[in-house]
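K.L.:
Please put together the full structure from these sequences, using the hints given.
Protein sequence lines, in the order shown, are assigned to chains A and B. Under the numbering used here, think of the first position of the first sequence as 540, with each following residue one higher. Under the numbering used here, think of the first position of the second sequence as 37, with each following residue one higher.
Worth double-checking, as some hints may not be accurate.
[Stated by the list, open to error] Label pairs and their computed distance ranges (CB to CB): (1) Ala97/B / Arg704/A: 20 to 28 Å; (2) Lys302/B / Ile627/A: 47 to 55 Å; (3) Met774/A / Leu58/B: 25 to 33 Å; (4) Asn614/A / Ile298/B: 51 to 59 Å.
[Stated by the list, open to error] With the Cβ distance kept under 10 Å, some of the chain A side facing chain B (calculated, not the full set): (5) Ala674; (6) Asp699; (7) Leu702.
FYI, nobody ran anything at the bench for these hints, they're computed from the structure. Even for Gly, the Cβ is constructed at its ideal location relative to N, Cα and C.
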Amino acid sequence: MTATPTRTGGARRPPQAARRPAAAGRTPTARRSLRRAVPLVPAVVLLALFMLGPVIWSVYGSFTNASLSGTAASNPRFVGLDNYLALITDPDFPNALWLTVVFLLLSAVIGQNFLGLGLALLTAAAPKAVRSVVATTVVTAWVLPEIVAAFACYAFFSSDGTLNRMLAAVNAEPVDWLFTYPMAAVILANIWRGTAFSMMIYEAALNDVAPEITEAAVIDGAGGWKRLIYVTVPMIRNSISTNLMLITLQTLSVFTLIFVMTSGGPNQRSTTLPIFAYAEAFGLGKVGYGTAIATVMLLIGAVFSILYIRVLKPGDNS
Amino acid sequence: MTTSIASPRRSVSRGVSSAVLLAIAACFLLPLAWLLLASLDTKATASLNLPAEFSLANFSAVLTPEQTLWPLWNSFLLSAGCAVITVLAAVLAAYPLSRYQARYNKPFLYGVLFGTGLPITAMMVPVYSMFVRLGQLDSVATVALFMAATSLPMAIWMTKNFMDSVPVSLEEAAWIDGASAMRALRTVVVPLMRPGLAVVFIFVFIQAWGNFFIPFILLLSNHKQPAAVTVFNFFGQYGSVAYGQLAAFSLLYSIPVIVLYILVTKGIGGSFATAGAIKG
Chain A
540 MTATPTRTGG ARRPPQAARR PAAAGRTPTA RRSLRRAVPL VPAVVLLALF
590 MLGPVIWSVY GSFTNASLSG TAASNPRFVG LDNYLALITD PDFPNALWLT
640 VVFLLLSAVI GQNFLGLGLA LLTAAAPKAV RSVVATTVVT AWVLPEIVAA
690 FACYAFFSSD GTLNRMLAAV NAEPVDWLFT YPMAAVILAN IWRGTAFSMM
740 IYEAALNDVA PEITEAAVID GAGGWKRLIY VTVPMIRNSI STNLMLITLQ
790 TLSVFTLIFV MTSGGPNQRS TTLPIFAYAE AFGLGKVGYG TAIATVMLLI
840 GAVFSILYIR VLKPGDNS
Chain B
37 MTTSIASPRR SVSRGVSSAV LLAIAACFLL PLAWLLLASL DTKATASLNL
87 PAEFSLANFS AVLTPEQTLW PLWNSFLLSA GCAVITVLAA VLAAYPLSRY
137 QARYNKPFLY GVLFGTGLPI TAMMVPVYSM FVRLGQLDSV ATVALFMAAT
187 SLPMAIWMTK NFMDSVPVSL EEAAWIDGAS AMRALRTVVV PLMRPGLAVV
237 FIFVFIQAWG NFFIPFILLL SNHKQPAAVT VFNFFGQYGS VAYGQLAAFS
287 LLYSIPVIVL YILVTKGIGG SFATAGAIKG
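P.N.:
Given below as C-alpha cells:
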C-alpha cells in the first residue's frame, strides 16, 4: 500500500480511506477514483474517437453498398449481409487469407522472431566491434521509413537488381523474383525490415536476466543449448510473448512494403488482406465490400489480441 | 560466461559466432549500400554498383522546394504533432494506471492492449469513409490526431511500464512535502523517466514520419502530402528511369529519423539514472 500516494487535498478525508475503502463509504471512494481518473481523459477521448469510432464504423459500413463515386458514395444503402455473402463466394478472399497466414508465419513468427533472438544471443557474447556492426546494419533497416525500405527491397529483388547480379557472379540463372516468387521476396523483405525490433526486445530481456542465474546454471554444468532452453528462454518468457504479439500484429498491418514491391501481383499472388481491401475499395471503388474485408481483418486482429492478452495478463504484476 | 572467457574452446566459438554475425550483417547491408551508392551515381541502376564517378548531381536534382523541402516540412508537422499529442496523453494516462490501484486499471489496460492489436491498415477503408462523412478528408490536424490515437495504445503501454520502474520511494518525499500527484508527476517522475519518454517520443515520431498509408489515403492536396507520399507519386512514374534520384531523395527523407534515433540511443545509454538514484 506504500505504492498509493496521498491524494491531492488529502485533508478532507482521513488517510485510512485509502486503506479501507469499504469502511470509508462508497461515495468518497467513488469521487476519489473519479478525480484520479481525470488524467485519463485526453487518451480516452482520442481512443474513443479514432480507434473505437472506426471499428464501429467498419462494422456499420460493411452492411452498406458504399462506393467511391456515384450515388452510392454520398448515399450508401443498407444491404444487410450482401458484402459478407459476396466475400464467401469470392475466390480471391481465401487466397488473400492464406497468403496473409503464410506471410505472418514465415516472415514474423519464424523469420523475425528467431533471427532476432539468435542475433540477440550471439551479439551478447560477441566482441564490441562486431556487435556494433550488426546493430547498426540491422537497426538501420528498421529505422528507415517504410517506403524507403520498400524501394530498397524492390531494387534488390528486381530483375536487374543486386540479388540477380550476385547470382550471375556465381554463374546461377537469374530469376525475376518479384514475378516468379513474389511471396518469397516480400517475406524476405519483411524479415530484413523487421528483425531489429525482435533483436532489441530480446537484447533488453537478456540484459535483465540476472547474471547470477546463468552463472549458477554454468556451475551446475548446463551447456549452451541446455542453458538456453531451460534457463534463458523461461526467464524471458514474457518478452517472447510480448514480442510475438507485437510482430504478428505489425506484420498483419504490412501494406506499403507489398504495395510498392509487387502491388499484390502478379495475378494476386502476393495479395494479403490489407492489399486486397485496398484494391477492392480504392481500385474497384467498392468501399462497402472493402469495409467488410477490413472488418474481417479487425476480427483477426482482435482474436490475436485476446490470445496474447491471455498470455500476458496485464496488471498481475502491479 | 565470465568465468570461462579465457578458455580456448570459448574463443573458437566466439570466432564462429562473430563470423556468422558478420555474414548476417552483410546480407542486411546490401540493400542499404545500394541506397547510398545509387544516390551518388548519376547512372545508377537497380543493382549495387560502384559508381564510375561519385557525384552529388542526384541530390541537387531533387533538392527543389516542391519536390523535397515542402514534403519534408509536411512530414515534420505531421510527425511532431502526432508525437507531442501522443506523449502528453500517454504520460497523463499512465500516471493513474501506474500509481493507483483502481478498479478501472485492469479493464483499461486490457482495452489498451487490445487496441495495440488492431491492425491500423485494416481500418483505413472504414477510416476513409468515416473521414468523408465527417468532412475531415484532407485535414492535416485531424490526420495528426488520428495518427496520435493509433499510436496511443502502444505509447500508454510503454509509458506505464517505464513509469512502473520509477520507484515510488522517490515520489514519497515529494508527497511528504505536500506536492500534488500532478506536481509529483511533473517534478519527480517525468524527469526520472526522461529516457523512457524519449524512447516513446522517438518511437511515435519515427512511425509517423515513415507512415505512408495513412496520409496516402486521408490527404488529397499535393501541397499537404508528406515526403512518403510525394516520393511514391513521383517515382511511381519515373522510378525505373531515375534510380539515382530515387535513392538520393530516399536518403534525404531518411536522414532525420536516423539522426534522431542515434541521438536518442546515445542519450539513453548515458542517463539511465533510475537504478542509481535509488541505490545511491
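K.L.:
Determine for every hint whether it applies to the structure shown.
P.N.:
Now the hints, each set against the structure:
1. Taking 20 to 28 Å as the suggested C-beta distance range, the pair Ala97/B and Arg704/A conforms, at roughly 25 Å.
2. Roughly 54 Å separates the CB atoms of Lys302/B and Ile627/A, a value that falls within the hinted 47 to 55 Å.
3. At about 28 Å, the beta-carbon gap between Met774/A and Leu58/B stays in the expected band of 25 to 33 Å.
4. As the Cβ distance of Asn614/A to Ile298/B is approximately 52 Å, the hint placing it in 51 to 59 Å holds.
5. Interface hint status for Ala674/A: upheld, as the beta-carbon distance to the closest one in chain B is roughly 9 Å, under 10 Å.
6. Given hint, Asp699/A at the interface with chain B, holds; its Cβ is 5 Å from that chain's nearest Cβ, closer than 10 Å.
7. Interface hint status for Leu702/A: upheld, as the beta-carbon distance to the closest one in chain B is roughly 8 Å, under 10 Å.
Going through the hint list in order, the structure satisfies each hint without exception.
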